[in-house]
Amino acid sequence: MLTKRTNILFEEEVFRYLVALANKNGTSVGDLVRKAVIKVYQKPDLTQKRMKVHKEIIKLKKGFGRISLKEIKEMINYGRKY
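According to full-length UniProt numbering, the sequence shown is numbered sequentially starting from 1.
Read the hints as simulated data drawn from the structure, not as lab findings.
There may be inaccurate statements among the hints.
[Said to hold, decoys possible] Taking CB as the label site, the calculated pair distances span: (1) G26 to I72: 40 to 46 Å; (2) N77 to R34: 48 to 54 Å; (3) M51 to N23: 24 to 30 Å; (4) Y41 to L69: 43 to 49 Å; (5) E12 to K62: 43 to 49 Å; (6) S28 to L69: 49 to 55 Å; (7) I76 to T3: 50 to 56 Å.
Note that beta-carbon positions come from the ideal geometry of N, C-alpha and C, so glycine has one too.
Could you put together the complete structure from these sequences and hints?
Pasting the structure below:
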C-alpha cells in the first residue's frame with residue numbers, strides 16, 4: 001500500500017517521454033518511477049535472483065549440446081555407483 005508522497009520535477013522533454021512510455025505500458029508515470037527506484041536502489045528480490053541464475057544455467061547448457069536420454073540414464077547409473 002502506498003503511504004508516502006514526494007514531488008519530483010522533470011524537464012518537459014523527459015516528462016513527455018515518461019508519459020508516452022507509461023501510456024504504451026498501460027501504467028502511470030508514478031508507477032514507472034517507483035519501479036525504476038526499486039530496480040536501481042533496492043536489492044533484487046528472490047525472483048530476480050532466480051531469473052539471473054536461470055539465464056546462467058541456460059548459457060552453460062548451450063555449451064553441452066544435446067544429451068540423449070540414453071546418456072542421461074548412463075550418467076544417473078554412474079552416479080549411483082559412488
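Evaluated hints:
Judged by the Cβ atoms, the range 40 to 46 Å given for G26 and I72 holds: they are separated by roughly 44 Å. Distance hint for N77 and R34: a CB-CB separation of about 52 Å, consistent with the stated range 48 to 54 Å. Between M51 and N23 the C-beta distance comes to about 27 Å, which sits within the given range of 24 to 30 Å. Between Y41 and L69 the beta carbon distance is about 47 Å. The supplied range of 43 to 49 Å therefore holds.
Distance hint for E12 and K62: a CB-CB separation of about 46 Å, consistent with the stated range 43 to 49 Å. A C-beta distance of roughly 50 Å is found between S28 and L69, which places it inside the suggested range of 49 to 55 Å. For I76 and T3, the Cβ-Cβ distance of about 53 Å falls inside the hinted range of 50 to 56 Å, so the restraint holds.
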